[in-house]
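*Asks:* Chains as they are written, first to last, in full-length UniProt numbering: chain Z, 31 to 299; chain W, 1 to 197.
Take these hints with a grain of salt, some might be off.
What the hints assert, rightly or not - Here are the simulated lysine to aspartate or glutamate pairs, EDC-like style, with alpha carbons at most 20 Å apart: (1) Z:Lys272 / W:Glu172; (2) Z:Lys86 / Z:Glu241; (3) Z:Lys86 / Z:Glu229; (4) Z:Lys272 / Z:Asp134; (5) Z:Lys68 / W:Glu50; (6) Z:Lys68 / Z:Glu53; (7) Z:Lys264 / W:Asp2; (8) W:Lys42 / Z:Glu53; (9) Z:Lys86 / Z:Glu119; (10) Z:Lys68 / W:Glu45; (11) Z:Lys86 / Z:Glu54; (12) Z:Lys264 / W:Glu50; (13) Z:Lys272 / Z:Asp178; (14) W:Lys167 / Z:Asp227; (15) W:Lys42 / Z:Glu229; (16) Z:Lys146 / W:Asp99; (17) Z:Lys86 / Z:Glu105; (18) W:Lys167 / W:Asp2; (19) W:Lys42 / Z:Glu105; (20) Z:Lys297 / Z:Glu229; (21) Z:Lys272 / W:Glu43; (22) Z:Lys81 / Z:Asp98; (23) W:Lys112 / Z:Glu53; (24) W:Lys112 / Z:Glu119; (25) Z:Lys146 / Z:Glu241; (26) Z:Lys228 / Z:Asp70; (27) W:Lys167 / Z:Glu241; (28) Z:Lys68 / W:Asp2; (29) W:Lys167 / Z:Glu105; (30) Z:Lys81 / Z:Asp96; (31) Z:Lys68 / W:Asp190; (32) W:Lys42 / Z:Asp168; (33) W:Lys42 / Z:Glu54; (34) Z:Lys86 / Z:Asp70; (35) Z:Lys264 / W:Glu172; (36) Z:Lys264 / Z:Glu53; (37) Z:Lys272 / W:Glu45; (38) W:Lys167 / Z:Asp134; (39) W:Lys112 / Z:Asp88.
Hints in this document: simulated from the structure, not taken from any laboratory. Owing to the predicted nature of the structure, the values given are computational and were not obtained by experimental measurement.
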Amino acid sequence: AASGLSAVAGRARAETLEPNSWEEITGYNNFYEFGTGKGDPAEYAHLLTTKPWSVKIDGMVDRPGDYDFQDIMSEMTVEERIYRFRCVEAWSMVIPWNGFELADLLAMAGVQEGAKYVAFETLYRPEEMPGTRYPVLDWPYREGLRLDEAMHPLTLMATGIYGKPLPNQNGAPLRLVVPWKYGFKSIKSIVRITLTDKEPPTSWNMAIPSEYGFYSNVNPEVSHPRWSQASERKIGGGFFVKRVPTLMFNGYEKEVAGLYEGMDLAKYF
Amino acid sequence: MDRVNGYLRRVPVWLVYTVGVLPVPIWLWLGINGQLGIDPVKEIEHRLGELALQALLFGLAITPLRRYLRLNLIKFRRAIGVLAFYYVSCHLLVWLVLDVQIPAQIWADIVKRPYITIGMAAFALLLPLAVTSNNWSVRLGNAWRRLHRLVYPAVLLGAIHYLMLVKGFQFEPLIYLGMVLLLLGLRLPDLRRRTAL
């Protein structure tokens, strides 16, 4: 992944994205395990213990097992990636993540021939996650990627922001970041990664299949049934911030459009 | 309760109007000065929508409060109704001017997005009520009373509007919808008697 990474990261940096502030990034979150309000995660996520932490990697891998977070970190090369972040609710931020490529983690476990998808699971620990007392979603939170999406050099496992460890409300200690998909695909506080040959069930798709597809690529031409996705409000612009047009694949079209060649993106939304 | 009613009689209606008008300029001022949180537009939009629902519910509660608890707030009912319309209008304006901004998209949203359509319908139902909230109109008698029953479908649509816009299964909009159904349900015997006449 090393060669692809530098080219892609270089391009992302060349656009001089202006990152949002630490306060904005860590104070305005969707992490329903801690409540549905945007400020709830910042208020309640301190209840979460992230030490010790391990990630179970299983399914179609050569070396299944529980991988300790510290052991993972000692194997991975952490770098900074400044990415656009577009929420399905039509707001957006720019976030300076620190992390490593998911492809490198998957290589550590050894992906077997025949694996086609990667499934992810968030921690489900009701005593530390007050939001899970309500059936907002069918807990635990689940997400998934096609294997080629997961192996793409843009796909990141984030472990930090602004050079600091990931705050709990942002998905500590490690989370997925898929910058060309709506934010809910970037699953937080991951405890399990499963390689499989079937498209895995994903939480929002299970809840409302007509509104949230498996792919959920940022696409200004495919509306959410309840609101337009053609434009977005950038967080941090204050009271009179102008809407800006949403970019195809959130501005990463050059890098990822090839993954979906020949697919009807209105059907596979 | 008679003592409470006695105190209430001494509260002038203009005071209710004055206090009721204040939240909007205060929140606008806070928003402009960056003190309404990280997403001030959504914050004021949601606060106004919620306040509008609360005012409408309060207005609907006045008759049952008098009937079942003998608490008399009837003097303030028009002020509550007019304030509710004021909050709904500000909620709509914030959505138009600060949130959606783009005129073509506003119309597309009203036509294509059911929760927006329903919200707009509620506003349209409240409009004639706001216009006829004056002494001269009340003299129309039965026609006025019938017209103002439009507040029932309007509140119901408002609660549904809220329920439809949240993601996932959430309790707060369900609580509002439950209160609306309760307050409307209390009126069913009356309505049935009237239609029987």
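*Asks:* Give a verdict on every hint.
*Replies:* Verification of the supplied hints:
1. Using a Cα cut-off of 20 Å, the hinted pair lysine 272 (chain Z) and glutamate 172 (chain W) is violated, with the two alpha carbons roughly 30 Å apart.
2. The hinted pair formed by lysine 86 (chain Z) and glutamate 241 (chain Z) fails the criterion: a straight-line CA distance of about 30 Å is larger than 20 Å.
3. Between the alpha carbons of lysine 86 (chain Z) and glutamate 229 (chain Z) the distance comes to roughly 19 Å, so the proposed pair stays at or under 20 Å and holds.
4. In summary, the hint linking lysine 272 (chain Z) to aspartate 134 (chain Z) is not supported, as the alpha carbons are separated by about 39 Å, beyond the 20 Å threshold.
5. Straight-line distance between C-alpha atoms of lysine 68 (chain Z) and glutamate 50 (chain W) comes to about 16 Å, which keeps the hinted pair within the 20 Å bound.
6. Straight-line distance between C-alpha atoms of lysine 68 (chain Z) and glutamate 53 (chain Z) comes to about 13 Å, which keeps the hinted pair within the 20 Å bound.
7. Proposed proximity of lysine 264 (chain Z) and aspartate 2 (chain W) is contradicted: the alpha carbons are some 54 Å apart, above 20 Å.
8. Among the hinted pairs, lysine 42 (chain W) with glutamate 53 (chain Z) is consistent with the structure: their alpha-carbon atoms are about 17 Å apart, no more than 20 Å.
9. Under the criterion of a C-alpha separation no larger than 20 Å, the hint pairing lysine 86 (chain Z) with glutamate 119 (chain Z) is inconsistent with the structure, at around 31 Å.
10. Our distance criterion of 20 Å between C-alpha atoms is met by lysine 68 (chain Z) and glutamate 45 (chain W), whose separation comes to about 14 Å.
11. The hinted pair formed by lysine 86 (chain Z) and glutamate 54 (chain Z) fails the criterion: a straight-line CA distance of about 31 Å is larger than 20 Å.
12. As the CA atoms of lysine 264 (chain Z) and glutamate 50 (chain W) are separated by approximately 24 Å, the hinted pair breaks the 20 Å bound.
13. Proximity of lysine 272 (chain Z) to aspartate 178 (chain Z) is assessed by CA-CA distance (about 36 Å); at most 20 Å being required, the pair is judged violated.
14. For the proposed pair lysine 167 (chain W) and aspartate 227 (chain Z), the alpha carbon gap of about 30 Å is over 20 Å, so the pair is violated.
15. With a C-alpha separation of about 35 Å, the suggested pairing of lysine 42 (chain W) with glutamate 229 (chain Z) is violated against the 20 Å cut-off.
16. The suggested pairing of lysine 146 (chain Z) with aspartate 99 (chain W) is violated, with an alpha-carbon distance near 41 Å, which exceeds 20 Å.
17. Annotation: proposed proximity of lysine 86 (chain Z) to glutamate 105 (chain Z) holds, straight-line Cα distance about 16 Å (limit 20 Å).
18. Restraint check for lysine 167 (chain W) and aspartate 2 (chain W): not satisfied, since their Cα atoms lie roughly 45 Å apart, outside the 20 Å limit.
19. Our distance criterion of 20 Å between C-alpha atoms is broken by lysine 42 (chain W) and glutamate 105 (chain Z), whose separation comes to about 42 Å.
20. At most 20 Å may separate the alpha-carbon atoms for a hinted pair to count; lysine 297 (chain Z) and glutamate 229 (chain Z) meet this at roughly 16 Å.
21. Restraint check: the Cα-Cα separation between lysine 272 (chain Z) and glutamate 43 (chain W) comes to about 16 Å, which is no more than 20 Å; the hinted pair holds.
22. For the proposed pair lysine 81 (chain Z) and aspartate 98 (chain Z), the alpha carbon gap of about 10 Å is at most 20 Å, so the pair holds.
23. In summary, the hint linking lysine 112 (chain W) to glutamate 53 (chain Z) is not supported, as the alpha carbons are separated by about 36 Å, beyond the 20 Å threshold.
24. Taking the CA atoms of lysine 112 (chain W) and glutamate 119 (chain Z), the gap is about 17 Å. The hint holds against a cut of 20 Å.
25. Under the criterion of a C-alpha separation no larger than 20 Å, the hint pairing lysine 146 (chain Z) with glutamate 241 (chain Z) is inconsistent with the structure, at around 24 Å.
26. Taking the CA atoms of lysine 228 (chain Z) and aspartate 70 (chain Z), the gap is about 34 Å. The hint is violated against a cut of 20 Å.
27. Using a Cα cut-off of 20 Å, the hinted pair lysine 167 (chain W) and glutamate 241 (chain Z) holds, with the two alpha carbons roughly 10 Å apart.
28. At most 20 Å may separate the alpha-carbon atoms for a hinted pair to count; lysine 68 (chain Z) and aspartate 2 (chain W) exceed this at roughly 44 Å.
29. For the proposed pair lysine 167 (chain W) and glutamate 105 (chain Z), the alpha carbon gap of about 38 Å is over 20 Å, so the pair is violated.
30. For the proposed pair lysine 81 (chain Z) and aspartate 96 (chain Z), the alpha carbon gap of about 14 Å is at most 20 Å, so the pair holds.
31. The hinted pair formed by lysine 68 (chain Z) and aspartate 190 (chain W) fails the criterion: a straight-line CA distance of about 43 Å is larger than 20 Å.
32. Using a Cα cut-off of 20 Å, the hinted pair lysine 42 (chain W) and aspartate 168 (chain Z) is violated, with the two alpha carbons roughly 27 Å apart.
33. As the CA atoms of lysine 42 (chain W) and glutamate 54 (chain Z) are separated by approximately 14 Å, the hinted pair is consistent with the 20 Å bound.
34. Between lysine 86 (chain Z) and aspartate 70 (chain Z) the CA atoms are separated by roughly 28 Å; this puts the pair beyond 20 Å, and the hint is violated.
35. Of the pairs offered as hints, the one joining lysine 264 (chain Z) and glutamate 172 (chain W) is violated, with about 27 Å between alpha carbons and a cut-off of 20 Å exceeded.
36. Using a Cα cut-off of 20 Å, the hinted pair lysine 264 (chain Z) and glutamate 53 (chain Z) holds, with the two alpha carbons roughly 15 Å apart.
37. In summary, the hint linking lysine 272 (chain Z) to glutamate 45 (chain W) is supported, as the alpha carbons are separated by about 16 Å, within the 20 Å threshold.
38. The hinted pair formed by lysine 167 (chain W) and aspartate 134 (chain Z) fails the criterion: a straight-line CA distance of about 34 Å is larger than 20 Å.
39. Distance hint between lysine 112 (chain W) and aspartate 88 (chain Z) is unfulfilled; the C-alpha atoms sit about 44 Å from each other, more than 20 Å.
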